[in-house]
Amino acid sequence: MIRNRSGQFKLDYLIALGFFIMCIVFVYFYSMNVSSLRYTDKEYMACAISEVIVNYLHEGCEPNSINETKLEIILTNPDVFYDVVNSYDVNLTVRDLSGNLVGSVGKVYPSSDVGYCERVVFNSSNVYILEVRVW
Amino acid sequence: MKGQTFTLEAILTAFIILVTLYYLIISFPLTNLQKVHITDDVYVRDVFNFLENKTLKESILCWNGKVVYGGASADDFNESFNCSTELKYYLKKLLDDKRFAYNIYVTYSSNGSLRELKFVYDGSPPPNAISLSKIVVIYDWDNGSIKSIVPDDFDSYLYNVLYVKVVVWRV
Amino acid sequence: MEGLKGQLMLLSGLIMLFGCITLTMVLNEYIQALSIPMDISGKYIVLDVENLVRKSIEDSLENVTRLMATLNVTNETLTDYISSNVSQILQDLANATETYYRMEGRYVNVDIDKIDIVAYNESERIVANANITVLITYKDEGLEARTVVNVNSTSEVVK
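Protein chains in written order, with the working numbering: chain G, 4 to 138; chain R, 25 to 195; chain W, 360 to 518.
Chain G extracted, bound-state conformation (with noise of 0.2 Å):
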């Protein structure tokens, strides 16, 4: 039979405690998490640069068709380019479907902290994949 009852209090105590400690430590890496689903400013700014770039290049009345030729203008002449897009931070990439490498113009981008923007374009025969990387 059991006489002393008190351990089981104690028990019950560091239980509640437990779960009360587990719930704050949830909420608190809910919190720490929710920061990442704001946009970095560096999205946005490529995301608006590529917007600029593409409508320089456009032609035609469907929406993301483009000149060829000012597309090998933008590609060969980087004054032109730094021009459009009115910053030196900028990288332009393009390459067709199946990922080779059309052309590039600007400078090499760092590693880290990139914003990365990626666009679809296209005329009567190909289709090209813009990437703008701005830091």
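The hints are simulated quantities; they were obtained by calculation from the structure and are not laboratory data.
Mixed in with the good hints, there may be bad ones.
Below, computed lysine to any residue pairings styled on SDA-like, alpha-carbon distance capped at 20 Å [unchecked claim]:
(1) W:K473 x W:V510
(2) R:K158 x W:E463
(3) W:K402 x G:E54
(4) R:K158 x R:E82
(5) W:K498 x R:E82
Please arrange chains R and W on chain G, whose structure you already have, making use of the hints.
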């Protein structure tokens, strides 16, 4: 009697503790929220602007009504079409390879009411999926097996107007 | 009862736990819903509809003209036929577009303002010229995006 009460109390307490622990453990994934990229929204819109221009209408015209489960990576993609389309190639390169999953629904009008068909289906989308829609017009002079599924709802040379809804999400 | 305090503590810990997790799940849904990039401008809808109308005018003008290419009719009949058919197609398309967007909860208005079609016979071909103005409006609780689309399209079909 007293002994039985104690045992019952102990068992119930143990049960409640286990249920709580279980509830707590299954809710830990909530702490890992998926990051939402703004670039996805823009990219998906670009992809479907391109597809609308190139292959969407032709592919839908020669669709035979069989749902493509699994998107462009499905082995039996070509069985749903009566002609060869570039849709599979473009969807694969532009969406599947970038780890997107997508559902495409086609809605048509029939005698005043609207019917929705699944065109490509990849599962139930999560709540933060990107959704956009395009309108594809079929005229009386277009030919294709879609005409056996979709009726001629207009007296004019317009055959039917399809509302193509696309839902895309990252996996 | 022995151990009452402990059991009450256990119960309160439990209730706190359930409350915390429920609150977290509710907040989670709320934050996820807020972070979906929602396009409030309707700009893309107006562009899409404009594109649709342009393409439709070109397609229907060319194909309806082609249907008349084999027959030999007067210029007046030609103009009447092409004009009435293209107008009907455009009006049906406008109605269907409005219905579909309304299904999504968006108010779009496609108003065909003016249709001017002139078609005539030449020795080896039929030429049809269309000058069509369409008003596209998107309304959303105080926001209004509008564009006036003027399409001038010519279609020449060899007989």
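So, going through the hints one by one against the coordinates:
1. W:K473 x W:V510: Cα-Cα ~10 Å, so holds.
2. R:K158 x W:E463: 12 Å, holds
3. W:K402 x G:E54: Given that 20 Å is the threshold and the Cα spacing comes to 14 Å, the pair holds.
4. R:K158 x R:E82: Distance ~14 Å between K158 (chain R) and E82 (chain R) Cα, so the pair holds.
5. W:K498 x R:E82: 32 Å, violated
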